[in-house]
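Same order as they appear, the protein sequences are chains S and B.
If you're matching positions, the first sequence starts at 1 in full-length UniProt numbering and goes up one per residue.
If you're matching positions, the second sequence starts at 1 in full-length UniProt numbering and goes up one per residue.
Just so you know, these hints were derived from the structure itself, not from any lab.
Quick reminder that beta carbons are idealized off the backbone N, C-alpha and C, glycines included.
Do not take every clue at face value.
[Unchecked claim] Here are a few chain B residues that sit away from chain S, every Cβ distance over 10 Å (derived from the structure):
(1) VAL50
(2) GLU63
(3) GLU79
(4) GLY81
(5) HIS99
(6) ALA142
(7) VAL165
(8) HIS186
(9) ARG216
(10) ARG280
[What the hints assert, rightly or not] Taking lysine-lysine and the DSSO-like style, the derived pairs with C-alpha atoms no more than 30 Å apart in a straight line are:
(11) S:LYS26 with B:LYS14
(12) B:LYS87 with B:LYS108
(13) S:LYS383 with B:LYS108
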Amino acid sequence: MTNPTTTRGLWQVVARREMATALRSKSFLISGAVLVVAIVAMIVVSGFLNGRPHDDTVAVVDGTGQRAVEAASGIADRLQEDTTVTADRVADRGAAERAVRSGDADAALLPTRDGYEVVGDDDVDSTLAQALQSAVPATVLSANAADQDVDLAKLQAGTQTTQRLLDAGPEDEGVRTAASYVFVVLFFVTAIGFGMQIATSVTQEKESRVVEILAAAVPIRALLWGKVLGWSVLALAQVVVLGVAATIALVATGQTGALGPIAPALGWYVVFFVLGFVALSSLWAAAGSLASRQQDLQSTTAPAQMLLFVPYIVAFVAGEGVKTVVSMLPIASTMLMPGRLAEGSVPLWQLLVALALTVLAAVLLIRVGARIYERSLLRTGGKLGFGEALRLSDEREPATR
Amino acid sequence: MLEATSLTRVFGDKRVVDAVSFRVEPGRITGFVGANGAGKTTTMRMLMGVLAPTSGTVSWDGEPITVERRRTFGYMPEERGLYPRMKVGEQLVYFARLHGMSTYDAGKRTASLLEHFGLTDRADDLLDDLSLGNQQRVQIAAALIHRLTALVLDEPFSGLDPLAVDSMTDLLRNEAADLPLLFSSHQLDLVERLCDDLIVLSAGRVVASGAVEELRERGSEQYRVVLDGEDAAWLRDLDGVEVSDVDGSTALLSLTGLPPADLTAAVVAKSRVLEVARVRQPLSEIFREVTS
Chain S
1 MTNPTTTRGL WQVVARREMA TALRSKSFLI SGAVLVVAIV AMIVVSGFLN GRPHDDTVAV
61 VDGTGQRAVE AASGIADRLQ EDTTVTADRV ADRGAAERAV RSGDADAALL PTRDGYEVVG
121 DDDVDSTLAQ ALQSAVPATV LSANAADQDV DLAKLQAGTQ TTQRLLDAGP EDEGVRTAAS
181 YVFVVLFFVT AIGFGMQIAT SVTQEKESRV VEILAAAVPI RALLWGKVLG WSVLALAQVV
241 VLGVAATIAL VATGQTGALG PIAPALGWYV VFFVLGFVAL SSLWAAAGSL ASRQQDLQST
301 TAPAQMLLFV PYIVAFVAGE GVKTVVSMLP IASTMLMPGR LAEGSVPLWQ LLVALALTVL
361 AAVLLIRVGA RIYERSLLRT GGKLGFGEAL RLSDEREPAT R
Chain B
1 MLEATSLTRV FGDKRVVDAV SFRVEPGRIT GFVGANGAGK TTTMRMLMGV LAPTSGTVSW
61 DGEPITVERR RTFGYMPEER GLYPRMKVGE QLVYFARLHG MSTYDAGKRT ASLLEHFGLT
121 DRADDLLDDL SLGNQQRVQI AAALIHRLTA LVLDEPFSGL DPLAVDSMTD LLRNEAADLP
181 LLFSSHQLDL VERLCDDLIV LSAGRVVASG AVEELRERGS EQYRVVLDGE DAAWLRDLDG
241 VEVSDVDGST ALLSLTGLPP ADLTAAVVAK SRVLEVARVR QPLSEIFREV TS
């Protein structure tokens, strides 16, 4: 007789099949590709909107107007990066207005009886208008000062007003806030998407009855671990692919400045992601084992979906205080903590509490999930509830026939 | 040797399997027969450990059976099941790997089983794309894929055409030549042709078990006499004989005192005879007797 083989390492065989099946499934690859495209598109579009070199043309009819426009170019660039303003000298008011109407000029700067007017077609870009409105007085003032032999610098002494904030936010606040929302949405989407995949793959094995052969060949725990770890690796791989794609997109569109402030948050995100995902994964597997058919999954996965949905809502609507507390709770921490890290500093003790609670929850959820999975996997005919499955006797319960 | 002792399974208040005991000896093909609902599938699932018995034990070579031992059994459940959207070859390699074979051995074994069933060119097809008969062959291959120490097959022949049945029995005789093999079936003619031992289950209890030959001998022996055109009714008057049926020149009788060796002489003395033969009682009749 041959020696009975050991059951060690079998979960790897199971995990490898799960991964191979997923990587060959068109729907899996397409949904992954859609996410990558969405993130890259978001970065490219925002880069295009923010970083696009902006050149406004202003029609002028006199030398003062032309000098004012040249001064406005410097002011506009300070207001919004990569913005230049060019003067276009035309013959008279009529020509200037025609240029604005036809779109050849973005605006016209025309002398009036007591100064200048900015003429636009239906709208004047606010940055341009602001720049012109500051440039005109400065230009005219310095011309007047020269005419009357007045020392402009002396005249202006003591007029400068600056601004100082007592509680200044970090730089790149926009990028940080955007990153924190991306963290929330990304974990929500990935955890629900991959969680449903785990549940579906369990239910499919029940539906096709192949589970009876599997159960005779492999300890049920090895099946569970294979599934959980296989899909966790896939989920993490997807996050890494997204991260790399996002970095490439940021570099390609010249927005590398955004990377610096969110890099530490990214590192923590990976840690919280792995813990949060693994904690939930056995619950998804249990949900799959409770169902007899795919249609049952809608209701058996409801608890896991709620665990994700509540922090998701909190992340978007709750105030600072609530967020701080919720960000230390398991699962919710994966969505909220990296975002808080991206937006500013988080006290170390809060990080440690969040990590400890997540690990604790992971251990508990995995135990409960495994218990349900083991007891309901071989039960066919009808859907079970979580409570019902937990009360099942400690044996492999079959189809009653 | 695989042995069940007082296996009992209760579902709710229904005793589906009631103190069932039997042995499956190595090198003997053991048939497991019984009407629908007699408890065959439940018993086999308890043998395989996918269902816990309410009471009773399963043992291997006299020792309580272990998970590791069971993993080396070939099992074909009553409810067929494989991965419908997985390639046939990959699927078999996967099951072999689950049973602890190396990738290389798994590939070799898969190739040889597919060849045996004439499915070599379907290895890269999805299981779903195969005919039902071919899917059944793959299911059998999945049960035989690893290094077996015993086989437990629930209705392995259902859904197979006669040619496939022959190919399957050849394979079983080869693969399980010195292993305990238990299979259940409704097809009594097949059981009769294949089995060395028989276990008959009725309403959750074993009503007969043992070597097929022994079981036959327990039943009453019958003889068929065919005369040369003459009406066989006169045989009713023969001493030490009880005629159960006469049809023209053919009679079916059992001996109630006449020694078997004297039957031919007694008939030939009075008639011209074409045939005197001992009738082997078909299994179906034994089955009917013990389960009624």
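Query - Reported absence of VAL165 of chain B from the contact zone with chain S (all CB gaps over 10 Å) - result: At roughly 22 Å from the nearest Cβ of chain S, VAL165 of chain B sits farther out than 10 Å, so the non-interface label holds.
Query raised in the report: Since GLY81 of chain B was said not to touch the interface, does its Cβ keep a gap of more than 10 Å from each Cβ of chain S?
Result: violated (3 Å)
Query raised in the report: Holds or violated: LYS26 of chain S with LYS14 of chain B, Cα cutoff 30 Å?
Result: violated (47 Å)
Query - Closest CB of chain S to the CB of HIS186 of chain B still more than 10 Å away - result: Given that every Cβ of chain S is farther than 10 Å from that of HIS186 of chain B, nearest at about 15 Å, it holds.
Query - Assertion that ALA142 of chain B lies farther than 10 Å from chain S (Cβ) - result: Violated, since 7 Å does not exceed 10 Å.
Query - 10 Å cut-off, C-beta based - ARG216 of chain B kept clear of every residue in chain S - result: ARG216 of chain B is indeed farther than 10 Å from all Cβ atoms of chain S, at 31 Å.
Report task. Confirm or reject the statement that HIS99 of chain B sits farther than 10 Å, beta carbon to beta carbon, from all of chain S. Result -> At roughly 6 Å from the nearest Cβ of chain S, HIS99 of chain B sits no farther out than 10 Å, so the non-interface label is violated.
Query raised in the report: Since VAL50 of chain B was said not to touch the interface, does its Cβ keep a gap of more than 10 Å from each Cβ of chain S?
Result: Non-interface label on VAL50 of chain B violated, nearest chain S Cβ at 5 Å vs cutoff 10 Å.
Query raised in the report: Within a Cα-Cα threshold of 30 Å, do LYS87 of chain B and LYS108 of chain B meet the stated pairing?
Result: holds (16 Å)
Report task. Given the hint that LYS383 of chain S pairs with LYS108 of chain B, test it: the Cα-Cα distance must not exceed 30 Å. Result -> violated (40 Å)
Query - Status of GLU63 of chain B, Cβ more than 10 Å from any chain S Cβ - result: Since the minimum Cβ distance to chain S is about 12 Å, GLU63 of chain B lies beyond 10 Å and the statement holds.
Query - Non-interface claim for GLU79 of chain B versus chain S (Cβ beyond 10 Å) - result: violated (4 Å)
When each numbered hint is compared with the structure, violations occur for hints 1, 3, 4, 5, 6, 11 and 13.
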